[in-house]
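Position chain Y relative to chain V; hints supplied.
Those protein sequences? They're chains V and Y, same order as listed. Each residue of the first sequence is one higher than the one before, counting from 1 in this note's numbering. Each residue of the second sequence is one higher than the one before, counting from 1 in this note's numbering.
FYI, nobody ran anything at the bench for these hints, they're computed from the structure. Remember, predicted model here, so these are calculated numbers, not experimental data. There's no promise every hint is true.
[What the hints assert, rightly or not] Computed far set for chain V versus chain Y, every beta-carbon distance over 12 Å:
1) Gly53
2) Gly62
3) Phe63
4) Lys68
5) Val81
6) His82
7) Glu88
8) Ser105
9) Gln112
[What the hints assert, rightly or not] Cβ-Cβ distance ranges computed for the label pairs, FRET-style:
10) His10(V) / Arg59(Y): 25 to 35 Å
11) Gln80(Y) / Gln112(V): 45 to 55 Å
12) Thr112(Y) / Thr55(V): 45 to 55 Å
13) Glu66(V) / Gln80(Y): 38 to 48 Å
14) Ser66(Y) / Gly97(V): 33 to 43 Å
15) Thr55(V) / Gln80(Y): 16 to 26 Å
16) Ile9(V) / Gln84(Y): 23 to 33 Å
17) Thr13(Y) / Thr96(V): 30 to 40 Å
18) Pro79(V) / Phe74(Y): 36 to 46 Å
The C-beta atom is built at its ideal place from N, Cα and C for all residues, glycine as well.
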Amino acid sequence: AQSVTQPDIHITVSEGASLELRCNYSYGATPYLFWYVQSPGQGLQLLLKYFSGDTLVQGIKGFEAEFKRSQSSFNLRKPSVHWSDAAEYFCAVGYTGRRALTFGSGTRLQVQP
Amino acid sequence: DTGVSQNPRHKITKRGQNVTFRCDPISEHNRLYWYRQTLGQGPEFLTYFQNEAQLEKSRLLSDRFSAERPKGSFSTLEIQRTEQGDSAMYLCASSLNGDEQYFGPGTRLTVT
Numbered sequence: 001a002q003s004v005t006q007p008d009i010h011i012t013v014s015e016g017a018s019l020e021l022r023c024n025y026s027y028g029a030t031p032y033l034f035w036y037v038q039s040p041g042q043g044l045q046l047l048l049k050y051f052s053g054d055t056l057v058q059g060i061k062g063f064e065a066e067f068k069r070s071q072s073s074f075n076l077r078k079p080s081v082h083w084s085d086a087a088e089y090f091c092a093v094g095y096t097g098r099r100a101l102t103f104g105s106g107t108r109l110q111v112q113p
Numbered sequence: 001d002t003g004v005s006q007n008p009r010h011k012i013t014k015r016g017q018n019v020t021f022r023c024d025p026i027s028e029h030n031r032l033y034w035y036r037q038t039l040g041q042g043p044e045f046l047t048y049f050q051n052e053a054q055l056e057k058s059r060l061l062s063d064r065f066s067a068e069r070p071k072g073s074f075s076t077l078e079i080q081r082t083e084q085g086d087s088a089m090y091l092c093a094s095s096l097n098g099d100e101q102y103f104g105p106g107t108r109l110t111v112t
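Pulled out of the complex, with its shape left as it was, chain V reads as follows (with noise of 0.2 Å):
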């Protein structure tokens, strides 16, 4: 069964500083590549995806995500985190077939002033 792998729980940075959340999957097909933001008694907000082509996506909010098939990886990162970027962050995966997403268990962003 496909599954996906948020490493870091927990995750504080200062604001100003360069994030990079880490996310792996699991699956030999190619995956369609999300990520999104939920922020306390929200929503999730879709930040960036990834179907196919470039391997480097750019998302909302400053944020890009680069797909390493030889990884099987798919790593959020910012070059600036701000405040407001305090959230928690869950990758998912689809596949062509299977309409549903199989998440992560979420990184959790603190943002240091």
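Frame of chain V, contents of chain Y only:
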């Protein structure tokens, strides 16, 4: 476009009672999904509709759970004889064909 809406936002019920949640997807979206999210976890897939047809159900969806999408628009998720283990956030999402899924704010269920 007001996005995906869910009602109620919060529901507190006693064990053994039935509850029903409603989801209104983005108007032109033909696919609708239900997920469940417990504290500290990512969402887990429950079921999926394409138009009015329920095409996939997770093993998580016990026989106490039933979902409908009668006219291919809004959907309801009913839980019968609720148990404390049903306490969770129930999320609805919609998409146009196989595109990205847009999520609603969720319904938080507390079973006492």
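Hint-by-hint comparison with the structure:
no., hint, in the structure
1, Gly53, "holds (15 Å)"
2, Gly62, "holds (19 Å)"
3, Phe63, "holds (15 Å)"
4, Lys68, "holds (21 Å)"
5, Val81, "holds (22 Å)"
6, His82, "holds (23 Å)"
7, Glu88, "violated (9 Å)"
8, Ser105, "violated (5 Å)"
9, Gln112, "holds (22 Å)"
10, His10(V) / Arg59(Y): 25 to 35 Å, "holds (30 Å)"
11, Gln80(Y) / Gln112(V): 45 to 55 Å, "holds (47 Å)"
12, Thr112(Y) / Thr55(V): 45 to 55 Å, "holds (48 Å)"
13, Glu66(V) / Gln80(Y): 38 to 48 Å, "holds (45 Å)"
14, Ser66(Y) / Gly97(V): 33 to 43 Å, "violated (25 Å)"
15, Thr55(V) / Gln80(Y): 16 to 26 Å, "violated (46 Å)"
16, Ile9(V) / Gln84(Y): 23 to 33 Å, "holds (25 Å)"
17, Thr13(Y) / Thr96(V): 30 to 40 Å, "holds (39 Å)"
18, Pro79(V) / Phe74(Y): 36 to 46 Å, "holds (41 Å)"
Hint compliance for this structure: hints 7, 8, 14 and 15 are not met, and every other hint is.
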